[in-house]
Structure formats: structure tokens, C-alpha cells
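Participant: Work the whole structure out from these sequences, hints included.
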Amino acid sequence: MLRLIARRLGYMLLTLWLVSIVAFIVIQLPPGDYAEAYVAERAQSGARMSEEEIQELRSHLGIDRPWYQQYFSWFSGVLRGDFGWSYEWRRPVADVIGERLPLTLALAFFTLLFMYAVSLPIGIYSAVRQYSVTDHVFSLFGYIGLATPNFLIALVLMYLGQQYWGQSVGGLFSPEFQDAPWSWARFVDLLAHLWIPVVVLGTAGTANLIRSMRALLLDELGKMYVVAARAAGLSPLRLLIKYPVRMALNPIVSTLGWRLTFVISGAPIVGVVMALPDTGPLFLHALLNQDMPLAGAMVFIYCALTIIGTFVSDMLLVLLDPRIKMS
Amino acid sequence: MSADAPALPASGPIRRPDAATQWQLMWWRFRRHHMALIGLSVLGLLLLISVFAEFIAPYAPATRNTRYLAGPPMGLHIIAADGSVHAPFVHARANRRDPVTLRLLSVVDETRQWPIELFVRGDTYRMWGLFETNLHLFGAHGGFVHLFGTDNLGRDLFSRTMYATRVSLSVGLIGVAAAFVLGAIIGGIAGYFGGAIDVFVMRLIEFIRSIPTLPLWLSLSAALPRDWTSLQIYVAVTFLLALIGWTHLARTVRGKLLALREEDFVVAARLAGCTDARLIGRHLLPAFLSYLIVDLTISFPEILLAETSLSFLGLGLREPIESWGVLLYAGQNIRSLAHLPWLLIPGLFVIVAALAFNFVGDGMRDAADPYAK
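Protein chains in written order, with our numbering: chain A, 1 to 327; chain B, 1 to 373.
Be careful, since some hints might not be right.
[To be verified] Among chain B residues calculated to face chain A with C-beta under 7 Å, some are:
id, residue
1, GLY122
2, PRO215
3, SER219
It should be emphasised that the hints constitute simulated quantities derived from the structure, not laboratory data.
Bear in mind the structure is a predicted one, so any value in this text is a computation, not a measurement.
All residues carry an ideal CB built from backbone N, CA and C; glycine is no exception.
Facilitator: See the structure below:
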């Protein structure tokens, strides 16, 4: 058991390290560096910089050193929670992200909760009542949910909100709570706004989960042990919950990491469209303005979140399925 | 799974399941999947649109109609205001100045009709870059027709959507093809040789699949040089999509190869002195080609949606090359959306295309599985 955890933990750290390389490559990718951009900006306002000044700026920023030295200074900073300096915001990257990350985390958490809470009962129902009208309706919903990009759902919801409810659906707070300190009322206000991005972000994943839950449970329902248990006179509901559902749940839990990847992957675009005060608009803005330290840090954090999530889902699976502990 | 022939519909010409090829059997099974057939015809229609986009579109994508700026979609009618029935027509539009703002307004004039005519002369274009012509499938006699409305500049959304269909589908097709080549080669190497190479490739795939793709795609395409032409961007974005999309295919190829490697017929072929290349090309590839096609169909909507999302955020394709996502970019602003909701119509095409591919993929998966009941 301990060895299993240690192995998974080691694997997680290795992946995190690989991801840090990817994030660093992202930072280095755009042609030109910040010094050039800065010089161009100064030149526009009429202040010319001499070659020495540019060189000094480069060495001050540390971008004249070879890439591996830059990588190590960047990575050791990351380990200490220092992600560098955002050119765009003129503040440390960690501060800029830190303000907005909790909302992204809350969004991802509630979306996952929503996905599982909605899809598991529907999936079970669809499998038990296979080919019923309700099953077909849910299947249709599932197909459409899978085929619709979530920004489109967001746009349609926002349009409807604007048109019929006369309120802006974007954002996460009502105007009076926008800058208010945290209080119970503000938290309730947040929840009242949060459900829309949660639904938008969770639709595709929910559709996907319903399909897999239905298929897995159908497989289980056809097996002999179900027939045997039914023949032994177990009540249908008790039988369903106690055996086939529990068996079908295994692959569902083990893919929690993927689902999280999926949610995190979709979060920035929903954040941008609905103008949420989370990391999405921050990330896009950084990319469009080539503020790469911020963008790279965001890539690293998004990846790290999914990797840690995968680790947690692995551990959950161990709790759920004792057979894994044995092997 | 009994030994007798699968139950096939009795309609149509006489079928002999014992003499049918593998592909025929698959087609018969596929035809029982109604949604898949519908999906297939929708895809055919989209393909037709993308091949003949210039001809189907009544206007060139950049043509501006200054008499109908930000105009809503014009409906086709067959019943006139006086109750008489006509061939399809659109109501005429008249221009009037707003007395307060002095803005040019377009108002519907229900008493006059602009009949729809087929094969009309309009904007000149080069068909497939080969010959110049000005023939269009349809147009309105005496006026203009904008089935999907126009944007703020007065460009016809219907025409632009037709052109965008070509771009979006081609990005998907080229992207899937490139992903296929990458996946087949890498997965093939892993599955065929096994051992340390296999372990390495599988770890690599696991790693790529464990990181969120959209942020990575976004940052990679944001790094493309700003001074590139839109055509260069188009090629680059397509290959970026393929670069991350190959993992799924590689996994299928590897899994099937590993399973097939142990089959008797492979051992027999090897004993008979087959070379590696012949063994792969002649015996192994046909055995799992159907699975590959299924996977290709399923990965298509993934790439299509990714391209749409990238372009929608302004980090994918950009004008003058127009895809569905590029058209949706104009609807990003909620204020413009409140006044011009028809800018979301290209989104319907995205949904329909993705749905069609999903249905066809499902039908093919059932058809390709020889163990299906």
C-alpha cells in the first residue's frame, strides 16, 4: 500500500517536472524577447536607448544567459512559489495569479461536482430503462452536449439572459458585491452566479459521463451474477446499488483525472466569454500581449492542477477497489 | 455469438453473406444505423458546399452591401401579402433615414417582392482558381438576398459561411490526416517492436493526455510570428492541432498490433518468410484498418471544435481566411450579439458537423466490430 502511494507520488513529481519544461518552452517560444519589445515601446514615445542600455537591461532581466541557466533560475523560483515578473501588470506573476486562482479552483470543483451529481443518476436510469423514451431523450441531449463547443453555450445563455431576464449573466458577483469584503451574503451571491459557468463548463463532460456510465452499467447488468442475485430474491433497487453500480463505478472514478483535465482545459475559454474574474481572461490577455512569464506560469498551473487531480483520483480508486491494494 | 450468419434485413437484392467481402458486411451493418446514415448525408452535403462554395454563395465574401448594414436574415416566402402564392421570393427592402440619428435604416416593404432566381450572374470569381466566371446558384431579381443577414460592414453572412465551411472542413481533414500519419507511425513502431520503445511511447502518450490541451494549443499558436500571412498561419495551426491530436490514434494502432502479433496467421506468415514490410502492409494493416477509420471519424470533431475555439479567441486562423470560428469571433462581444444575434448561425454549422461525425463514427464502430450481435 505504502509502496503504491510512493510510486504514484514519484510518478506525479516526474510529470510535474516535465510540465515545467513544457511551460518554460512556452515562455521562450515567441520570437524576440522583452528587451526588444521594451525598446520598441520606448522608441515610440521618443526615448531612444543606446546599445549599452539595452545590454544592461538584458543582463538585469537575466535574458542574456544561456537557456539552461535561465531554466534553472526560473524553476528554482517556481519551487519557492516565485513565478517571475509580469511585464504587462508590472507586478510579480504569483500575486497576479494568486488573486484569481481561487475562483478558477472553485469553478473546477463545482463543475466536477455538478458533472458527477447529474450524470450518475441519469446514466443509471438510462441503463436500467434502456430504449425508453427518457433514455432516448437523454441520449439526444448527450449527443448535442458533446457536439457543442462550450463557448457557444455560454454565448447563447448570455444572449438569452440579456434578452429575456434583462440582466448580465457574465461575471461572478452582483455589482454591490463586486468589491465588498468576503461575507456570507457575498458567498451566497457568488453561488447564485457560479451555477451558469458551471453548467456551461460541465455540459460536454456530463454528456460524456452519462454515456460511459450507461454503457458500463449495461455491460454489468448482462452478467450472470446479476441474474443469480435476482433469482435469489434480492430486491431490485438493493441489488442494483449494491453490485452492478458499484462495479460500474470503478472506471468512472479512475477517469476522474481525465475529467479534471477536460474541465481545466475548457475553463479559460468560458472565463473569457463570460468575463469571469478568474484566470481565463488573464491567460488569454497574457498570450495576446506576449506577456510570457505570466502565460507560462498559467500553463504550468493548469497542468499541475490536472496532474495533482489525477493523483487524487488514483488514491480514491485504491479506497474504492480493494483489489488494487493486493496487486 | 452463434455460428450462424448475422440477421440481415431481407429487403433489396439477394444477398449472400457467405460470399460478401468484409467491407460489404460492414456496409450492411452500417445501414441499419439510421442516425449514422443521416449523419453521412449531412456530411455529404457539407462536402458539396465546401467544394462548390463560390458557386453556392450568392456574393463574394468581401462584398459589402451598404444598403443593408447589420441587416437581419431575410426569410424566403411563397405567400405574398395579398394571399397569392408565388415562386420563392424575399420581401423587398427600402432605405429610410432615422429622423433623429440620421442613420440609414432598412425597412421591410411587404408590397414588393424580389423573386429568387436560379443561375444568376453576380460577383466574378475564379472557380477552383482555374477559370473566371460570374455564375451563382441563386440570387434575387431586382434586389439582394441575405439568408443569414449581414454584419456591421454589410457582408453577406450566408456567403461567408459557405466559404468558411470549406476552410473548417479542410483544417479538420488535413489535421486528422497529419495526426493519422503521426499516430500510425509512432503507434506502429511501439506496437511492432514492443519492449523499451513501447514503454517510452506509452509514457509519452500518457503524459500528453494528462495535460490540458486547450491552454497548450493556445500558447503554441500565440507564439506564431505576428507577421506571418494568414495562409502560413492556416498551415501552422492545422499542424499544431495534429501535433497534440495523434495520441489517440497511436494508442489504437499499438493496441491492435500487440494483439495481432500473437495471432496464428501472423506467425504463419512469418514462418513462410514474409518480410516485416509485407507483413505489416499485407496482413496486419487490413486487419485493423476498419478500427483506424472509426478512430479517424471520432477524432475529427475534436479537431474541428479545437480549431473553432482557437479562432474564436483570436488565436487561431484569422481573416481574410475565414472558418466558422473566425466568423464567430465577431459574436464574441455580448453587445454586438444583443443587436446581431444571427452572427451565431455559423455555430449551428459547427454543431451539425460535429453531430454528424459523431453519429457516423458510432455507426462505423458498431459496423466494424465483428463481435457485435
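Participant: Evaluate each hint against the coordinates.
Facilitator: Right, here's what the structure says about each hint:
1. GLY122: Check failed: Cβ of GLY122 (chain B) comes no nearer than 31 Å to chain A, outside 7 Å.
2. PRO215: Cβ of PRO215 (chain B) sits 5 Å from chain A, so the hint holds.
3. SER219: The hint holds - SER219 (chain B) has a Cβ within 7 Å of chain A, the shortest such distance being about 5 Å.
Against the hints set out earlier in the document, a violation occurs for number 1 only.
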